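**Student:** Could you put the whole structure together from the sequences, leaning on the hints where they help?
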Amino acid sequence: MLALIYFIILGVIAVGSALCVLLSKHPLYGALSLVVSMLSLAGIYGLLGSPFIGVVQIMVYAGAIIMLLTFVIMVLNAGRDSKTPRFDKVSLFVIPAAIVLAGLVGFVMVRSGIAFDATTLRGSVKLTSETLFNTAQEGPGYFVLFEVIGLLLLSSMGAAVLMAKKRLGTDNEEEK
Amino acid sequence: MDIIESKSWVEWLITIAKFAFCFVPVLYILLLIPMERRGAGFMQDRQGPNRSYIKIPYFGKIRLLGYVQNMCDGAKLFFKEMFAPKGVSKFLYYVAPAIPFAIIFISPCVIPWFGPMVFEWGGKAVTISGAILDSEVGILLLFGFSSLSAYGAVLAGWASKSKYSYLGSLRTTAMTVSYEVCQGISMMGLLVLAGSFSLTDIVSWQEQHVWGIVAQPVAFFCFLIATIAETGRAPFDVAEGDPELVAGFHTEYGAMHFGMFYMGEYAHICIASFLVATLFLGGYSVPFVTTETMQAHMGGSLAILCGVLAFLFLAFLHMMHRYSKKLLASKQSNKMVILQEYKLYKIVGWLAVAVFVAAGVCSWMFYNPVQTVVDGVLTNTLGAALGTALIHLLVLVVKSVFFCWVWIWVRWTLPRFRYDHIMNLGWKIILNIALVNLVVTAVVAKLLGGN
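Here the protein sequences come in this chain order: Z and R. Quick note on the numbering used here: the first sequence kicks off at 1335 and runs consecutively. Quick note on the numbering used here: the second sequence kicks off at 403 and runs consecutively.
Be careful, since some hints might not be right.
Label-pair distances were calculated between CB atoms; the ranges are [to be verified]:
1) R/Leu796 to Z/Met1335: 39 to 49 angstroms
2) Z/Arg1445 to R/Leu796: 20 to 30 angstroms
3) R/Leu415 to Z/Arg1445: 46 to 56 angstroms
4) Z/Val1439 to R/Phe493: 28 to 38 angstroms
5) Z/Asn1468 to R/Phe768: 19 to 29 angstroms
6) Z/Val1439 to R/Ala844: 55 to 65 angstroms
What the hints contain is simulated information worked out from the structure, not anything from laboratory work. This one's a predicted model, so the numbers in the text were calculated from it and none came from an experiment. Using N, Cα and C, we set each Cβ at its ideal position, and we do this for glycine too.
**Tutor:** Right, dumping it as structure tokens:
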């Protein structure tokens, strides 16, 4: 019962701030609403019995990625941002897509009655690590995917550094 | 109500009383501000601000060793008019100082303040963990909150619409993000050894084996440097470097808005020093003594604690005595006033010594709680469990105050780094050392047959 009350509060905050992301005029306010949305999502993960995922959500998304996003928003086209129209041609595609997605998710959720039980632990640290790094022959083999994603991220980082380096070669003063 | 009946009233009382630990960082602000001011004075061979006084009728003036000055400054900040410069974006300007200040109240909830209390109540063995929230992801939660508190500086800089604030907040963003990486990775070696994210488990691992600083000396220094950078203090205070940026991200703030940033900074130091003490200095564990030994001889342990406190007061009295002697020989015009004040401190000091000696002797002679085995667990009485918790808490406080002093020490000793030097140090030196340390630790732990 108590968990359900928490869930409703967090859910309302999450959905409300997600709407704010769409409706806010300045991108920085959008990014901040995204942070609030992610924090309440982290709370919902915690309620669902996976505190590890929730904390990683706070640390990685809210703490680091959106922080970099605000950095980019603040540095790039600061003057133009306050004059961005709320709707433009791209919205014609985005809004129907969002509505269709929401409809699909809602349909699925209504059809499959979700049992909300806060007491079961679905994503504890132990469970996550055991599932992820199960190197047994008959195991799920997620660790291979994990390594591949690591390689992918490393190569993309290398590419980004190379691209930035080429541009910096001419002008060493600009370190952004 | 199942939830209420699941615990006895004593358990509920202690569980709720533990929430008082949320206010520890705020109390530390009261400790840290005078410590910083007088500490700076000590470093620079001057007295520091100690001239304000309270006049007590028929007695004289008391200055509380410079503490009255801080009360005056606090009162001034509190009663100043709050204003916003023209052109700021109002909402974010007012919200920004509250973010770091709000986070200092939720950060302490995962730190274990004392070892798990095991006591016998109503024929059952009761266990209460030392942290407000004994989460298995404790340390990660702490890092998450710490990274969120940087939003305060970032938004303040952006909302102020001033070039200086803006540059300061850009620097804060970059520095926080880069040093967070160093901080996280340098701590990972210890987590590998302890095999858990829970701070309680990390401390109990250190209690059973060795302190983190012995097991991971390299990681300790990397972590300390990264944490100092994370709190944004000198020598890493480019975000508010006064020769370049006036006051960085809080240039446009005044009154209590500024005060909140100020308090947030000090509370951040408090939490960081608790974190360093917990991770690398054994947290609440008493050096060379296991908790079991301490609980078996509870009366003696409390007597030793009282003895240490009495000794500290004797040292204080000795300091007062030396000051008075020096003052009497000097030609200072207000020396009689100051001597009158010192007389008060001497009375308080002797009273405290007498009380602690009496309490120590009493606990040694008469306090001898028995340990019983309930449900196959060795348990103590409630009094002995509370005594253990008190000793643990005081030990943790001593360790963290030492690290608070390290923060002040570093700030007034080292010159400020240039911005690009800080970035180089973070990404090219500390991160690599921490990575190598992590790999070596993991390999050695695997070879020696750890978890």
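**Student:** The structure should be examined with respect to each hint, and the outcome stated for every one.
**Tutor:** So, going through the hints one by one against the coordinates:
| no. | hint | verdict |
| --- | --- | --- |
| 1 | R/Leu796 to Z/Met1335: 39 to 49 angstroms | holds, 40 angstroms |
| 2 | Z/Arg1445 to R/Leu796: 20 to 30 angstroms | violated, 59 angstroms |
| 3 | R/Leu415 to Z/Arg1445: 46 to 56 angstroms | holds, 48 angstroms |
| 4 | Z/Val1439 to R/Phe493: 28 to 38 angstroms | holds, 32 angstroms |
| 5 | Z/Asn1468 to R/Phe768: 19 to 29 angstroms | violated, 58 angstroms |
| 6 | Z/Val1439 to R/Ala844: 55 to 65 angstroms | violated, 41 angstroms |
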